[in-house]
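Residue numbers (the working numbering), protein chains in the order written: chain L, 2 to 282; chain U, 179 to 510; chain S, 9 to 298.
If you are wondering where the hints come from, they were derived from the structure by calculation, not from laboratory data. All values reported here derive from a predicted model rather than from experimental measurement. For each residue, glycine too, the CB sits at the ideal point set by N, CA and C. Mixed in with the good hints there might be a few duds.
Ranges of calculated distance between the beta carbons of each label pair, as one might list FRET restraints [unchecked claim]: (1) 134/L with 204/U: 27 to 33 Å; (2) 329/U with 113/S: 40 to 46 Å; (3) 83/S with 250/U: 32 to 38 Å; (4) 121/L with 330/U: 28 to 34 Å; (5) 254/S with 298/U: 27 to 33 Å; (6) 205/U with 156/L: 29 to 35 Å; (7) 223/U with 272/S: 45 to 51 Å.
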Amino acid sequence: MSDAALRLTDVRIHDAVGDRDIVHGVSFELTPGKVVGIVGESGSGKTLTCRAVLGILPRHFSVTGGTIELAGRDTSGLTQREWTGLRGTTVGAVFQDPASYLNPSIRIGAQLAEVVRVKKGLTRREARRRALDLLSSVRLREPDLVYRQYPHELSGGMLQRVLIAAAIAADPQLLIADEATTALDVTVQAEILDLLTELRERTGMALIVVSHDLAVVAQLCDEVLVMRDGIVVEQGPTARVLYDPRHDYTRLLIAEHEQYGLDRFRDAAEPALSKELDHVG
Amino acid sequence: MSGAGLGTARLRRAAARTASVAARSIAIFVPVFLVATFVTFALRSLSGLSPAHLQLGESATPESLARIEHEWGLDRPFLTQYLDWFGKVLSGDLGTSWYNGADISRLLTEGAVISLSVAGLALLIGVVFGFGFGILAALRRTTWVDRVITGAMTFISVMPSFVVGIALVAVFAVSLDWLPSAGWVPAERGFGLWLAHITLPAIALSFDTVSDVARQLRAGLVAAYRENYVTGALVRGLGPRRIFFRHVLRNGIGPALTVLGLKFPNLLGGAVVTEAVFGMPGFGQFAAASAQRGDVPAVQGVLVVSIVLVVVFNLLVNLILARLTPASARGV
Amino acid sequence: MVRRLLALTSGRIAAVILALIALLALLGPLLSPQDPLAGSADILADPGPHHWLGTDYLGRDVLSRLLAGSRLSVLGALQVTVMALLVGVIPGILSVYLGRAFEWVTLRLADTLIALPFLVFAVAVTALLGNGIPQAMLTVGIMVSPLFFRVSRAATLSVARSQYVEAAIIAGASVGWIVRRHVWTKVLPPIAIALAHTAGVGFVVVSSLTFLGIGVRPPAPTWGGILASDLGFLSYRPWAPLLPTALIMATVWACNLLADAIRDVSGEAGRALLDNRKLRGRLAVAGRGA
Ligand SMILES: Nc1ncnc2c1ncn2[C@@H]1O[C@H](COP(=O)(O)OP(=O)(O)OP(=O)(O)O)[C@@H](O)[C@H]1O
Ligand SMILES: [Mg+2]
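Taking the hints into account, I'd like the entire structure generated from these sequences.
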């Protein structure tokens, strides 16, 4: 069947410098409108998996096993040019630290307009309209103003919205959000998650959400992958994994969360305490 | 209507920014200008140099010395002399040479035309080849192309311009006899002839610029390629060429441009030696000859002109930088 | 640090070349086989058993002149370096502590000095202070001092803002101890790099000035002067500039190589620090996630 937006089958990622596998066999399937979450400790290979899907693995890293199918198309033999064609229109992505993913010397509007002009072949004027529409569709107040601003003039939450706008500018079928809310404070984080949910419902795009935060995953995802050291230790429907974890590591993750006494699975709003705990950790 | 209003507002803002960059550059140099001229003036008084030595040599009697100093107004109080000289400088008059009584402004203009044609061509060579090599090395980073270019740039960076000049003369003028080894022909007497005479000196002068621009550009571009916004542009599906020209070059060019701004004084300094190698009666030769003669007003004129040239050039570079990377202009 | 420097191939090459040049400067005039000033009827001679490098247009032995000229070059480079060090480092350190106004003024001054053409100024000053290499080198030293100003300022800043110094002060460490323990280890490598660079600049400037005939009286032998006289007789002896050129370039190259080697060696400490910080960051995040 090829109605899946993305299908990973036993994907392995190899590091040529250390001569070792970093990711050992990840498989999942993502149909339009669905959300997959990936959780796991730092260095477990979440980002590398996402980058493999985007075809932007760092130097010396390569997919050495399994297949990645984007919209039914095997990506293993794609040329650079074909990848360029796929990115933006089929798959888009946003990351942590949104400020760094925008060119600091170009105005927000021009960067958005650039994407729609290149990817959708719009004229200058149409592109401007479309960019303004995009800015309002990610619920930025005063799109006209933001259009003329430089990245350093915006706050983190606003920048993440801009980044999302740029990622969805060419209507991709799949959006990858790699720790897109990690650096934001809790209220802004909640707003961004709401935005992602709304976009998913409105456009029917599929989502991959990578997070350290189980609360985020619980709120958003249909399916969860728990990764550790490049291995998927547990995988299944969100509710099942969170309420009936089978692997010790998953239990540990959940226990950590519960130990902090925050019922953050349902209610994600206790900034002061969680910040303090971060410092302790 | 409102669109036009927006346009003019933006224009006004751009103009204001340009003015502030310009003001800052000039504000830095004004005090230096004052201090430098004041110090040279003070040094002259202290050193007891006078036109009499130039004109009379060893035969100077105290009376003739006093007479000549009086003629030149050197017996007036120090500050009066300085203010007098400074006032004239502001109106473009640099005084007359102790050596032959000629108008220094005119001599310097004549020399500067020669030096600036050489420096201009050297700058052009420096920009073209520096950018070419820098970009090539950055695009082929960590390959043998990169290593060869980087090695060559390091090699030529340790070659002083007069050494390059001598080598060029030995090869292209003496051995191959392709280009003239010395002299200067004004452009009015034939563009080809003019170009032939300034080519070797310009190449000699450009080596340092080529290597520094290439190395800075390579470093800047390589650093820019590592930035997340390149990944950002990549995942938005922009092509490699667009990413290079619109995102990488724009942000990575800063250090190279800054270095280009800093190189200009070197071109002036290099002119002093290359002009000696190629026997060109330019600004540098004038400076060296005047210094050796002890012709103080001429030397002061040289300093004034070089400071002014440096200010103007720095101003240009700062303005370009401010346009390219608006964030840096605001000190963000 | 010296031992680690010599462990590097580039460091060893630089050290050997510089040691040879220093030896030339010390012993060169004594080693001269003939009087570098004595002319003979045997002008523009090719290299031979009597004149290893031939003779110049006055029949003087080129090898002797080259050897005799080395001291002047080395002394000139040393003068520039010492002058720049003295003029640059002290304001650089003070600019961090003496308040806003001083900081502003020194920063502007440094920016401006470095933007001016020092060779032109060196030439000009010899007109005012009398024709001599020390006068010219004094000027050049002052004009390149911003390099030292910047590195010492940056190093001081990083020390002043760093928490281990604060911690040491709180723990009651003496100023002397802090300077020895923390400031030197941070300030020394960048200053050593700047020193090596400046020495290279110094060599170029001395050769350029002596090439122009500035700073020395005609018969005195100098590397630049030899090149200048070679230039006039290129059609007779086109290979003549090779050796003096090679000597100047090797010296400058060795200085730059040394600077790079010091950077590599001291950069190690810096990189380790960075890795550590990343490591600690990773650990903190890991503690949060798992
Ligand atoms: N550019 C790179 N160069 C070298 N090693 C890398 C690189 N990127 C990732 N790695 C290594 O690959 C492994 C997986 O990294 P990855 O970034 O996928 O982890 P992650 O799960 O996203 O961690 P985090 O939660 O910290 O983002 C890690 O051990 C990391 O050290
Ligand atoms: Mg990651």
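Hint by hint, here is what the structure shows:
{"no.": "1", "hint": "134/L with 204/U: 27 to 33 Å", "result": "45 Å, violated"}
{"no.": "2", "hint": "329/U with 113/S: 40 to 46 Å", "result": "42 Å, holds"}
{"no.": "3", "hint": "83/S with 250/U: 32 to 38 Å", "result": "37 Å, holds"}
{"no.": "4", "hint": "121/L with 330/U: 28 to 34 Å", "result": "44 Å, violated"}
{"no.": "5", "hint": "254/S with 298/U: 27 to 33 Å", "result": "31 Å, holds"}
{"no.": "6", "hint": "205/U with 156/L: 29 to 35 Å", "result": "34 Å, holds"}
{"no.": "7", "hint": "223/U with 272/S: 45 to 51 Å", "result": "50 Å, holds"}
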